[in-house]
Amino acid sequence: AQSVTQLGSHVSVSEGALVLLRCNYSSSVPPYLFWYVQYPNQGLQLLLKYTTGATLVKGINGFEAEFKKSETSFHLTKPSAHMSDAAEYFCAVSDDEGRRALTFGSGTRLQVQP
Amino acid sequence: DAGVIQSPRHEVTEMGQEVTLRCKPISGHNSLFWYRQTMMRGLELLIYFNNNVPIDDSGMPEDRFSAKMPNASFSTLKIQPSEPRDSAVYFCASSLSDTQYFGPGTRLTVL
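Line order of the protein sequences matches chains S and F. For the first sequence, the numbering used here begins at 25 and goes up steadily by one. For the second sequence, the numbering used here begins at -12 and goes up steadily by one.
Source of the hints: derived by calculation from the structure; they are not laboratory data. Note that beta-carbon positions come from the ideal geometry of N, C-alpha and C, so glycine has one too. Don't take each hint at face value.
Claimed, not checked - Among chain S residues calculated to face chain F with C-beta under 10 angstroms, some are:
{"id": "1", "residue": "68"}
{"id": "2", "residue": "69"}
{"id": "3", "residue": "75"}
{"id": "4", "residue": "79"}
{"id": "5", "residue": "106"}
{"id": "6", "residue": "108"}
{"id": "7", "residue": "111"}
{"id": "8", "residue": "114"}
{"id": "9", "residue": "116"}
{"id": "10", "residue": "126"}
{"id": "11", "residue": "127"}
{"id": "12", "residue": "128"}
{"id": "13", "residue": "129"}
{"id": "14", "residue": "130"}
Unchecked claim - Think about it this way: if two alpha-carbon atoms lie no more than 20 angstroms apart in a straight line, the pair counts; the simulated SDA-like pairs of lysine to any residue are:
{"id": "15", "chain 1": "F", "residue 1": "11", "chain 2": "S", "residue 2": "82"}
{"id": "16", "chain 1": "F", "residue 1": "65", "chain 2": "F", "residue 2": "86"}
{"id": "17", "chain 1": "S", "residue 1": "82", "chain 2": "F", "residue 2": "86"}
{"id": "18", "chain 1": "S", "residue 1": "73", "chain 2": "F", "residue 2": "83"}
{"id": "19", "chain 1": "S", "residue 1": "73", "chain 2": "F", "residue 2": "16"}
{"id": "20", "chain 1": "F", "residue 1": "55", "chain 2": "S", "residue 2": "124"}
{"id": "21", "chain 1": "F", "residue 1": "11", "chain 2": "S", "residue 2": "70"}
Assemble the whole structure, with the sequences as input and the hints as a guide.
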């Protein structure tokens, strides 16, 4: 069975500050890992994914995440927050090379203060 | 591409009524997923199909819920009879390989 833990249901940063959203996973097989963003009243949009290969992955809107197998982590970062980054962020894991359904974390709501 | 299309976007119904949610996946995708999002339980899988065949329906809450995929371009999720605890946002997603693309969701309110 797989699981995802997102530490911090709410994170608040100032505009221009570093964004760090934490995600730890549990999987019995090599995981495929994803970060999705959800803006109010919208569906989920893929930010980035890790499948195999390079452990540092870059996504849209300046976000990146690093897969650390030893720490079972896949934290999301962005060097400089923008007001438009305010949204809810979900970390998810899939096995079977991504062919199976996603198991989501509980989400982290990011607030960006002016 | 238009992306995943879901209808209706909002549904308000009374307890005991039948509700049907619809999904059109992205053309060419061979997997389709139904998820439910609530404040209490977050995002959880209800059922998924591969090549129109249900693969895992272990997330379907109970017999009141049923899902079909009669062809590669259409799926329905039916709740009969509906109950207030079914109120949630229901998402459909489709994929061809490892990435799922989500629709805008249907917000269901059961009074």
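Hints versus structure:
1. Among the interface hints, the one on residue 68(S) holds; its C-beta lies about 4 angstroms from the nearest C-beta in chain F, closer than the 10 angstroms criterion.
2. Checking residue 69(S) against chain F: minimum C-beta separation of about 7 angstroms stays under 10 angstroms; hint holds.
3. With 10 angstroms as the threshold, the beta carbon of residue 75(S) comes within range of chain F, its nearest partner Cβ sitting at about 6 angstroms, so the hint holds.
4. About 16 angstroms separates the beta-carbon of residue 79(S) from the nearest beta-carbon of chain F, more than 10 angstroms, and the hint is not met.
5. Because the beta carbon of residue 106(S) sits about 23 angstroms from the nearest beta carbon in chain F, more than 10 angstroms, this interface hint is broken.
6. The interface hint given for residue 108(S) is violated, since its Cβ lies 19 angstroms from the closest Cβ of chain F, which is over the 10 angstroms cut-off.
7. A distance limit of 10 angstroms between C-beta atoms decides the matter here; for residue 111(S) the minimum to chain F is near 14 angstroms, and the interface restraint is violated.
8. The beta carbon of residue 114(S) comes within 7 angstroms of a beta carbon in chain F, closer than 10 angstroms, and the hint placing it at the interface holds.
9. For residue 116(S), the shortest C-beta to C-beta distance to chain F is roughly 8 angstroms, which falls under 10 angstroms, so the interface hint holds.
10. Interface restraint check for residue 126(S): the shortest CB-CB distance to chain F comes to about 6 angstroms, inside 10 angstroms, so the restraint holds.
11. Interface hint status for residue 127(S): upheld, as the beta-carbon distance to the closest one in chain F is roughly 8 angstroms, under 10 angstroms.
12. The criterion of a C-beta within 10 angstroms of any C-beta in chain F is met by residue 128(S), whose closest approach is roughly 4 angstroms, and the hint holds.
13. Evaluation of the residue 129(S) hint against chain F yields a held restraint, the C-beta minimum of about 8 angstroms falling below 10 angstroms.
14. Proximity of residue 130(S) to chain F holds as hinted, the smallest CB-CB distance being about 5 angstroms (cut-off 10 angstroms).
15. With a CA separation close to 30 angstroms, the supplied pair residue 11(F) and residue 82(S) exceeds the 20 angstroms bound.
16. Taking the CA atoms of residue 65(F) and residue 86(F), the gap is about 25 angstroms. The hint is violated against a cut of 20 angstroms.
17. The hinted pair formed by residue 82(S) and residue 86(F) meets the criterion: a straight-line CA distance of about 15 angstroms does not exceed 20 angstroms.
18. The hinted pair formed by residue 73(S) and residue 83(F) meets the criterion: a straight-line CA distance of about 15 angstroms does not exceed 20 angstroms.
19. The hinted pair formed by residue 73(S) and residue 16(F) meets the criterion: a straight-line CA distance of about 19 angstroms does not exceed 20 angstroms.
20. With a C-alpha separation of about 18 angstroms, the suggested pair residue 55(F) and residue 124(S) falls inside the 20 angstroms cut-off, and the hint holds.
21. For the hint linking residue 11(F) to residue 70(S), the alpha-carbon distance of about 19 angstroms falls within 20 angstroms, and the restraint holds.
When each numbered hint is compared with the structure, violations occur for hints 4, 5, 6, 7, 15, 16.
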